[in-house]
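Residue numbers (our numbering), protein chains in the order written: chain L, 1 to 152; chain D, 1 to 152.
By construction, these hints were calculated from the structure, which means they are not laboratory data.
Do not take every clue at face value.
Any copy, or any two copies together, can satisfy a pair, since identical chains are not distinguished.
Said to hold, decoys possible - No more than 30 Å apart at the CA atoms, straight line, and that leaves these computed lysine-lysine pairs for DSS-like:
#1 120 x 14
#2 14 x 95
#3 95 x 50
#4 124 x 146
#5 146 x 50
#6 141 x 83
#7 47 x 120
#8 141 x 124
#9 3 x 13
#10 141 x 3
#11 32 x 9
#12 70 x 14
#13 47 x 95
#14 83 x 13
#15 146 x 70
#16 83 x 120
#17 50 x 14
#18 32 x 61
#19 47 x 32
Listed here are the chains, written in short residue letters.
2 protein chains.
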Amino acid sequence: MEKYLTWYKEIIKKNGIKNTVQKEAVLNVLIKASSHLTVEEIYQQIKDVKIGLATVYRSLKLFEDLGIAKEIPMGGARYYELKLFGKKPLHIHFKCMNCNAMTDIDDTETNLDYIRLNQKVEHKMGLEVNDANITLLGLCKECREKLNAQTK
Amino acid sequence: MEKYLTWYKEIIKKNGIKNTVQKEAVLNVLIKASSHLTVEEIYQQIKDVKIGLATVYRSLKLFEDLGIAKEIPMGGARYYELKLFGKKPLHIHFKCMNCNAMTDIDDTETNLDYIRLNQKVEHKMGLEVNDANITLLGLCKECREKLNAQTK
DNA sequence: CTACCTGCAAAACGTTTGCAAGACG
DNA sequence: CGTCTTGCAAACGTTTTGCAGGTAG
Chain L
1 MEKYLTWYKE
11 IIKKNGIKNT
21 VQKEAVLNVL
31 IKASSHLTVE
41 EIYQQIKDVK
51 IGLATVYRSL
61 KLFEDLGIAK
71 EIPMGGARYY
81 ELKLFGKKPL
91 HIHFKCMNCN
101 AMTDIDDTET
111 NLDYIRLNQK
121 VEHKMGLEVN
131 DANITLLGLC
141 KECREKLNAQ
151 TK
Chain D
1 MEKYLTWYKE
11 IIKKNGIKNT
21 VQKEAVLNVL
31 IKASSHLTVE
41 EIYQQIKDVK
51 IGLATVYRSL
61 KLFEDLGIAK
71 EIPMGGARYY
81 ELKLFGKKPL
91 HIHFKCMNCN
101 AMTDIDDTET
111 NLDYIRLNQK
121 VEHKMGLEVN
131 DANITLLGLC
141 KECREKLNAQ
151 TK
C-alpha cells in the first residue's frame with residue numbers, strides 16, 4: 001500500500017508531472033478497491049476532497065498513459081482498475097447475463113493457463129502481447145441454479 | 001450468404017418482427033464485412049439506402065437480442081460483428097498499441113485452445129459460459145520490427 | 001517564479017427516445 | 001387494416017475542453 005504510493009511518486013517525477021492531493025485521492029481509491037470501478041464510483045468516494053469530475057477523468061487517463069491503470073470497457077460502461085503493481089498480471093472478468101453482476105475470476109491456476117496461452121499466441125503469430133482483456137459472458141452459479149429450479 | 005438471409009428471416013418471423021429494407025441493409029453490411037465494424041462505419045456504407053442513424057442503432061440492438069450480432073467494446077468505441085452463424089464460435093481480437101490497428105487472430109487451433117480453457121473455467125467455477133470477449137493488446141509484427149530497427 | 005494543474009461551465013460526442021408518418025404482412 | 005417500423009429532432013448521459021485562477025516544486 002505504502003509501496004504503491006512510493007512507486008507512483010517516482011514514476012510521475014520521472015515524467016515531470018506534479019503530484020497533487022487530487023491525483024493521490026484517485027490512486028488511493030483504486031488501491032483500496034483493487035477491483036474494477038466506474039468513473040462515477042471513484043468520484044463518489046472522493047468528492048469530499050474538493051475534486052471535480054473532470055479531474056477524475058484526467059487522472060485516470062494519465063494513469064493509463066503511465067501504465068498504472070487500465071480501462072475495461074463492458075457494454076457501454078467503462079471500468080478502471082490498477083494494472084501491474086506486481087500482484088495481478090492478468091485476471092479474467094465474468095459478467096452474468098441474467099443478473100448483470102460483474103465479478104473477477106480469481107483463480108491463480110486459471111490465470112496462469114491464460115497467460116500461457118497468450119504466450120503461445122505471441123510466438124505463433126510473431127507479435128508482442130503486453131496485456132489482455134478477457135471477459136466471459138454467461139450465467140453465474142446463483143442464476144444458473146435459480147433458472148434451473150424454475151424448469152423454465 | 002443467401003443462407004444467412006433465409007435463416008435471419010425465419011428468426012424474425014418467429015419473433016413477430018417485420019422485415020424491412022433497412023434491417024436487411026444493416027445485416028448485409030455485417031455479412032459482407034465478416035469482421036468488427038463501428039456503428040458509424042456501418043451507417044456510412046448504407047446511408048444511400050435512406051436510413052437514419054437511429055435505425056442502425058435499433059437494428060444492431062435487435063440483432064444482439066436475437067443473438068445474431070455481438071458487441072465488442074474497445075477503448076471507448078463499440079464494434080459489432082456477426083455472431084454464431086455457424087462459422088466462428090469464438091475468435092480473438094488483437095489491438096496494436098502502436099498503430100492502433102485492430103485485427104482478428106484467425107487461427108483455428110488457437111481458438112480451440114481458448115474454447116477448451118473456457119470450458120475448464122466453466123466446470124471449475126460452477127458457472128455457465130456462453131460467450132467470451134478476448135482482446136490481446138501489444139505490438140503487431142510490423143510495428144514490432146519497425147521499433148526494433150530504430151534500436152530506440 | 002514558472003510550469004503544471006485544477007474547478008467550473010460549456011461544448012462535444014455517442015446513444016436513446018418521443019412522435020407523427022410510413023410500410024409490412 | 002392494425003401493428004410494427006421508420007426518420008427526424010430533441011433529449012440524454014458521459015467524456016472532453018477552454019479558460020482563469022491556484023499550487024507544487
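Comparing the hints with the structure gives:
In this assembly of identical chains, residue 120 and residue 14 lie within 30 Å of each other by CA distance neither inside one copy nor across copies; the values are 34 Å within and 43 Å between. With identical chains, the CA atoms of residue 14 and residue 95 are at most 30 Å apart between copies only, with a shortest distance of 28 Å across copies and 38 Å within one. For a Cα distance limit of 30 Å, the shortest separation of residue 95 from residue 50 qualifies neither inside one copy, at 33 Å, nor across copies, at 37 Å. Taking identical chains as interchangeable, the C-alpha atoms of residue 124 and residue 146 lie at most 30 Å apart only when they sit on different chains, with a minimum of 19 Å there against 42 Å within one chain.
In the homo-oligomer, the alpha carbons of residue 146 and residue 50 never lie at most 30 Å apart, since the shortest distance is 44 Å inside one protomer and 45 Å across protomers. In this assembly of identical chains, residue 141 and residue 83 lie within 30 Å of each other by CA distance both inside one copy and across copies; the values are 27 Å within and 24 Å between. In this assembly of identical chains, the alpha carbons of residue 47 and residue 120 never lie at most 30 Å apart, being 44 Å within a copy and 42 Å across copies at closest. Taking the shortest Cα distances, residue 141 and residue 124 sit within 30 Å of each other only across copies (11 Å), while inside one copy they are farther apart (35 Å).
In this homomeric assembly, residue 3 and residue 13 come within 30 Å of each other (Cα to Cα) only inside a single copy, at 16 Å, whereas the closest approach across copies is 60 Å. In this homomeric assembly, residue 141 and residue 3 never come within 30 Å of each other (Cα to Cα): the closest approach is 36 Å inside a single copy and 36 Å across copies. Taking the shortest alpha-carbon separations for residue 32 and residue 9, only the intra-copy value of 17 Å comes in at or below 30 Å, while the best inter-copy value is 50 Å. Taking the shortest Cα distances, residue 70 and residue 14 sit within 30 Å of each other inside one copy (20 Å), while across copies they are farther apart (42 Å).
Taking the shortest Cα distances, residue 47 and residue 95 sit within 30 Å of each other inside one copy (28 Å), while across copies they are farther apart (34 Å). With identical chains, the CA atoms of residue 83 and residue 13 are at most 30 Å apart within one copy only, with a shortest distance of 19 Å there and 47 Å across copies. Within a single copy, residue 146 and residue 70 get their C-alpha atoms only as close as 34 Å, which misses the 30 Å cut-off; across copies the closest is 26 Å, which meets it. Taking the shortest alpha-carbon separations for residue 83 and residue 120, both the intra-copy value of 22 Å and the inter-copy value of 25 Å come in at or below 30 Å.
For the homomeric pair residue 50 and residue 14, the shortest alpha-carbon distance inside one copy (27 Å) is at most 30 Å, but the shortest distance between copies (54 Å) is not. In this assembly of identical chains, the alpha carbons of residue 32 and residue 61 lie at most 30 Å apart only when taken from the same copy (19 Å versus 36 Å across copies). Proximity of residue 47 and residue 32 under a CA criterion of 30 Å is satisfied intra-copy only: 16 Å inside one chain copy versus 48 Å between copies.
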